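Student: These are the residues of each chain, in order.
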Amino acid sequence: MRGVQLSLNKTQKLRLETALEKLESLSSSTSNNSNASVTVADTIPINYEDGVLKGHGTSEMDGRVVATICGLVERVNKLVYVRALRARYKPEIGDIIVGRVMEVAPKRWRLEINFSQDAVLMLSSMNLPDGIQRRRTAVDELSMRSIFEENDIVCAEVRGFQHDGSLYLQARSQKYRKLDRGQLLRISPYLVKRRKQHFHHLDQYGVDLILGCNGFIWVGEHVEAKDDMVLDQMIKSEQENASLSGSVSSREQEQSHTSIEIRQHICRIANAVRVLSTLGFMVTVELITELVDLSISHNLDIHEMLGAEFYVVVAEKEAERRSLATKKR
Amino acid sequence: MRCITCVTEKEVLYGKRVLLWLQRILVLYFSLPLSLMLRSLQIGLQSMQVHQQPCHIVYTDYRPTPLQHYFFPSGGNGLYLVVDEKGKFRENSFQKALNALVPPGEGDKKRENGKWQKGLFVGKAGEDSDIFKMVKMIIQRQYDPVICFSFSKRECEFLAMQMAKMDLNNEDEKVNIETIFWSAMDMLSEDDKKLPQVSNMLPLLKRGIGVHHSGLLPILKEVIEILFQEGLIKCLFATETFSIGLNMPAKTVVFTNVRKFDGDKFRWISSGEYIQMSGRAGRRGIDERGICILMVDEKLEPSTAKLMVKGSADSLNSAFHLSYNMLLNQIRSEDGDPVNLLRNSFYQFQVDRAIPDLVKQAKSLEEERDSIILEEEDSLENYYSLLQQFKSLKKDVRDIVLSPKYCLPFLQPGRLVSIQLIKVDDNLPSFSVKDDVTLGVIINFERIKGLSEDDTNKKPEDASYTVDILTRCAVHKDEAGKRTISIVPLKDPGEPAVVSLPISQIDSLSSVRLVIPKDLLPVEARENTLKKVSEVLSRFAKDGLPQLDPEDDMKVQSSSYRKAVRRIEALENLFEKHEIAKSPLIEQKLKLLHTKKQLTAKIKSIKRTMRSSTALAFKDELKARKRVLRRLGYVTSDDVVELKGKVACEISSADELTLTELMFNGVLKDIKVEEMVSLLSCFVWQEKLQDAQKPRDELELLFTQLQDTARRVAKVQLECKVQIDVENFVSSFRPDIMEAVFAWAKGSKFYEIMEITQVFEGSLIRAIRRLEEVLQQLIQAAKSIGETELEAKFEDAVIKIKRDIVFAASLYL
Chain A
169 MRGVQLSLNK
179 TQKLRLETAL
189 EKLESLSSST
199 SNNSNASVTV
209 ADTIPINYED
219 GVLKGHGTSE
229 MDGRVVATIC
239 GLVERVNKLV
249 YVRALRARYK
259 PEIGDIIVGR
269 VMEVAPKRWR
279 LEINFSQDAV
289 LMLSSMNLPD
299 GIQRRRTAVD
309 ELSMRSIFEE
319 NDIVCAEVRG
329 FQHDGSLYLQ
339 ARSQKYRKLD
349 RGQLLRISPY
359 LVKRRKQHFH
369 HLDQYGVDLI
379 LGCNGFIWVG
389 EHVEAKDDMV
399 LDQMIKSEQE
409 NASLSGSVSS
419 REQEQSHTSI
429 EIRQHICRIA
439 NAVRVLSTLG
449 FMVTVELITE
459 LVDLSISHNL
469 DIHEMLGAEF
479 YVVVAEKEAE
489 RRSLATKKR
Chain B
2 MRCITCVTEK
12 EVLYGKRVLL
22 WLQRILVLYF
32 SLPLSLMLRS
42 LQIGLQSMQV
52 HQQPCHIVYT
62 DYRPTPLQHY
72 FFPSGGNGLY
82 LVVDEKGKFR
92 ENSFQKALNA
102 LVPPGEGDKK
112 RENGKWQKGL
122 FVGKAGEDSD
132 IFKMVKMIIQ
142 RQYDPVICFS
152 FSKRECEFLA
162 MQMAKMDLNN
172 EDEKVNIETI
182 FWSAMDMLSE
192 DDKKLPQVSN
202 MLPLLKRGIG
212 VHHSGLLPIL
222 KEVIEILFQE
232 GLIKCLFATE
242 TFSIGLNMPA
252 KTVVFTNVRK
262 FDGDKFRWIS
272 SGEYIQMSGR
282 AGRRGIDERG
292 ICILMVDEKL
302 EPSTAKLMVK
312 GSADSLNSAF
322 HLSYNMLLNQ
332 IRSEDGDPVN
342 LLRNSFYQFQ
352 VDRAIPDLVK
362 QAKSLEEERD
372 SIILEEEDSL
382 ENYYSLLQQF
392 KSLKKDVRDI
402 VLSPKYCLPF
412 LQPGRLVSIQ
422 LIKVDDNLPS
432 FSVKDDVTLG
442 VIINFERIKG
452 LSEDDTNKKP
462 EDASYTVDIL
472 TRCAVHKDEA
482 GKRTISIVPL
492 KDPGEPAVVS
502 LPISQIDSLS
512 SVRLVIPKDL
522 LPVEARENTL
532 KKVSEVLSRF
542 AKDGLPQLDP
552 EDDMKVQSSS
562 YRKAVRRIEA
572 LENLFEKHEI
582 AKSPLIEQKL
592 KLLHTKKQLT
602 AKIKSIKRTM
612 RSSTALAFKD
622 ELKARKRVLR
632 RLGYVTSDDV
642 VELKGKVACE
652 ISSADELTLT
662 ELMFNGVLKD
672 IKVEEMVSLL
682 SCFVWQEKLQ
692 DAQKPRDELE
702 LLFTQLQDTA
712 RRVAKVQLEC
722 KVQIDVENFV
732 SSFRPDIMEA
742 VFAWAKGSKF
752 YEIMEITQVF
762 EGSLIRAIRR
772 LEEVLQQLIQ
782 AAKSIGETEL
792 EAKFEDAVIK
802 IKRDIVFAAS
812 LYL
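Read top to bottom, the protein sequences are chains A and B.
Residue 169 is where the first sequence starts when you use the numbering used here, and the numbers rise one by one after that.
Residue 2 is where the second sequence starts when you use the numbering used here, and the numbers rise one by one after that.
Worth flagging that the hints you see were computed from the coordinates, not collected in a lab.
Please read these numbers as outputs of a predicted model, since none were measured by experiment.
Do not take every clue at face value.
Estimated spans, in silico, between C-beta atoms of each pair [stated by the list, open to error]:
(1) 232(A) / 702(B): 24 to 32 Å
(2) 242(B) / 209(A): 53 to 61 Å
(3) 789(B) / 255(A): 16 to 24 Å
(4) 215(A) / 796(B): 56 to 64 Å
(5) 284(A) / 230(B): 50 to 58 Å
All C-beta atoms, glycine included, are put in the ideal place defined by N, C-alpha and C.
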């Protein structure tokens with residue numbers, strides 16, 4: 169049971185098992201056997217084809233193609249590779265990730281992103297707070313901590329790999345920023361599917377949801393991403409206003425304060441993600457909102473979402489949904 | 002890119018590479034201040050729109066060194082000042098220049114031979130060639146240094162060879178040149194120094210004559226540029242490339258030709274090209290005026306010349322095109338939206354700018370339409386539509402009767418036929434019930450050979466035929482010397498001539514046949530025959546020429562024919578009854594109505610273009626291309642880039658789809674490194690060689706594999722409605738340099754591989770350099786799929802080709 173210990177009573181256990189069994193049978197019927205799972209040192213049959221390309225997670229031994237990791241065998245034309253399950257995050261260019269700053273180094277930050285090494289975010293590959301294009305000076309370098317400090321949560325995009333294999337990030341728009349006033353969740357990266365959109369603004373809750381491809385998920389209060397110049401002007405005009413009325417402090421207070429409803433929404437959404445990841449379901453924005461709605465319709469309190477009953481309900485719901493989907497097909 | 006505070010861009014608009022620049026400006030993440038040196042304000046306006054920044058335009062129309070434009074007629078002896086430094090066009094000296102041209106008879110002969118430059122090359126026996134005379138004159142008048150532009154590499158070299166007798170440098174300069182030359186060549190290996198291009202160049206250079214074109218070794222090109230700047234080369238023969246991107250002016254510029262081959266035909270050089278090239282004349286601060294000489298070898302209209310010499314810069318048109326690589330790179334980043342890129346493209350900008358014009362056009366047309374007021378419009382319209390129906394029915398009948406199936410047996414020589422007259426000048430159709438016809442005599446008929454090969458298995462009925470008909474024609478000779486023949490009625494003045502017409506132009510066949518003389522070449526014979534025709538006509542004047550009856554004589558038996566005939570009869574009755582038919586002004590009125598209808602149709606079409614241009618210009622193409630990517634498994638249905646797409650993302654210097662497919666099909670895996678390099682050379686070689694020898698069998702085999710892959714890719718694209726010509730696409734991969742590149746990868750010396758192929762040294766070097774670029778991208782691609790062996794192989798390949806003269810460092814660095 170995916171290493172999760174839930175205190176289930178007997179009926180709940182039974183229901184959960186049937187739901188899971190149902191899911192299993194569904195998945196085995198839909199997936200064809202071509203992507204058979206392998207463990208380390210298993211031989212991957214290649215039918216003596218010529219010119220087979222051996223991709224990630226494979227190696228050649230005595231003329232046989234051998235898996236070097238556990239996972240599923242995938243084939244694209246003549247390329248054979250093994251896709252690992254439940255491994256660390258494997259970055260790809262263009263991925264959106266959420267990471268935690270581990271170290272402020274000369275001209276760069278090091279971020280922990282659940283990869284085999286720390287990712288590097290250069291000072292030069294990110295927006296300066298004033299939004300002006302210019303060379304980074306020594307002063308900028310000294311004030312790096314005013315942008316990100318150790319233990320800050322940051323979202324960024326994977327820019328590419330250096331020749332030595334180290335990973336470089338970039339954060340060149342207003343939406344890549346320091347994340348605050350919210351929760352960071354860590355789930356297995358394989359549960360986050362790559363999609364066109366990873367930034368989601370859940371309007372009805374006033375919450376931002378960032379599904380990092382590395383399995384770090386951010387749920388936080390919604391922040392309006394503003395264009396630099398517009399922001400500048402606004403601040404200027406507001407400052408003028410403020411100097412007239414002298415209400416700077418109240419505005420600041422308002423900015424640092426998160427209302428109780430939004431806090432509750434954040435917790436609810438975070439719990440939904442937790443439930444999904446413990447059950448091993450894909451974490452998508454649709455499923456999350458569905459779960460939140462479900463919990464509200466069941467009149468569950470936020471903390472009750474992590475109770476055994478809700479897990480069972482979600483599993484049953486999912487089994488039902490998938491069987492419907494397969495029937496439709 | 003991040004640390005740039007200001008991007009300065011000069012002459013943004015030449016060729017493919019620069020296009021990339023434009024896209025780069027578009028996708029710049031931020032709005033930097035841009036300073037662009039442009040030939041068109043539109044670009045400035047566009048970047049303003051995209052980056053939402055003000056655009057300051059600094060505009061200059063003034064040349065610090067004025068230009069004088071001369072003409073040099075081929076075969077003539079002197080220069081004729083055509084445009085003086087104040088920009089005045091001198092008509093009379095222009096005429097004088099043209100008069101000095103070689104007599105037109107000779108010119109015609111030359112034209113027939115299809116060798117325009119013949120006079121230029123050979124000149125008359127015993128005399129020096131024109132170019133030699135020209136250069137001599139320039140040197141005598143101390144107009145040097147001079148750049149002679151010609152439009153082909155071979156011509157360039159040929160012209161330089163003609164200068165063999167000339168020596169423009171003194172001893173000191175010769176020594177100088179030799180030192181500069183050899184110190185530059187020092188970086189080459191001993192073997193490479195023996196290359197014919199290197200060893201042949203020095204004697205020429207020492208005499209102060211240089212050649213500069215893209216086929217030269219890059220290092221030679223640079224040496225020549227340096228020597229030219231130092232003033233050690235007095236006379237440089239260059240192609241157009243010299244005029245672009247290099248700042249190397251001379252006192253005088255000579256155009257050895259006024260026509261340029263642009264892929265399929267010789268055309269006049271455009272004013273934009275002329276400006277660019279003549280702009281090299283006159284060094285600022287040294288010469289007080291620049292001299293620009295045009296060698297003319299054929300007559301040209303003053304207007305053409307004026308347009309060329311004094312015209313404005315070419316208008317700028319977007320050549321933006323979507324590439325899969327661009328698309329994929331946009332798709333895979335979260336911000337990237339290909340639609341956005343398109344919206345900001347210059348093409349879109351131009352289309353958007355055209356809209357107000359279109360609106361204005363539509364409005365004025367509408368006004369025009371509304372100003373046409375007709376009385377009794379309804380009945381007129383009725384009559385008009387009846388007329389249209391009648392015409393189309395008649396045409397149907399004619400089509401049936403005159404289909405080759407029925408009429409072929411009757412197209413004997415001597416038969417009198419009536420022919421439709423086609424009016425050349427006014428496109429208004431005639432509105433009388435009768436057609437304008439004239440008579441002619443059939444001489445012969447023949448089948449038109451279609452371009453397709455499968456003509457033979459067509460039935461004779463399906464093929465189209467032309468009929469040679471003797472009739473009265475008016476022959477016009479227009480200015481270009483082209484003859485246009487138009488058929489005129491029998492009684493009008495004109496000469497009898499035989500014209501070939503498509504069957505569809507015959508109106509009807511008569512049952513009369515004439516005896517025609519065997520030899521129709523003399524005019525009298527033709528005149529006599531036509532006289533006979535009019536005789537026949539007068540004999541049958543009473544009840545008209547007896548026609549071949551379609552049903553009885555020609556055995557036309559089809560129900561549609563009969564139906565049509567019956568309807569024609571009914572319509573004819575209607576015409577007679579129609580009230581308006583009697584009105585005297587019917588013709589004019591109908592004409593008015595017709596123009597009105599045409600205007601309406603025009604307005605409609607303009608509105609349609611307006612509608613389509615408000616939509617995104619590239620939208621359909623974008624959709625089609627995305628479809629291709631999905632079909633080939635590069636992206637998923639919800640726009641997430643797959644593994645294959647990631648590989649294609651890395652490849653930007655070659656056709657990404659074909660190369661990716663090739664890689665994933667394992668073609669590159671099992672072959673030797675040299676073979677692989679040779680195969681990849683097909684991706685980077687674009688020139689066409691006529692008589693390239695075929696590569697050896699193993700390579701040939703690989704090449705067919707490549708062609709198969711390419712064909713498959715092209716077919717998928719076609720299925721997805723991308724505009725593509727499959728065969729053209731497949732043949733864009735040229736195997737011409739496979740053998741040479743194979744040898745190069747094997748470690749041959751450069752002079753050895755030059756013996757294998759016919760191509761220019763510089764072209765080959767450029768190809769190999771691009772090949773290296775592709776290989777670097779492939780290394781990245783192999784890395785991204787985790788195929789270490791392939792990666793190692795690519796790296797090996799890079800090491801193998803990256804050596805010696807091909808990658809010799811530039812002298813400028």
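Student: State for each hint whether it applies.
Tutor: Hint check results:
no. : hint                        : result
1   : 232(A) / 702(B): 24 to 32 Å : holds, 28 Å
2   : 242(B) / 209(A): 53 to 61 Å : holds, 59 Å
3   : 789(B) / 255(A): 16 to 24 Å : holds, 19 Å
4   : 215(A) / 796(B): 56 to 64 Å : violated, 29 Å
5   : 284(A) / 230(B): 50 to 58 Å : holds, 55 Å
Checked against the numbered hints given earlier, the structure breaks only hint 4 and satisfies all the rest.
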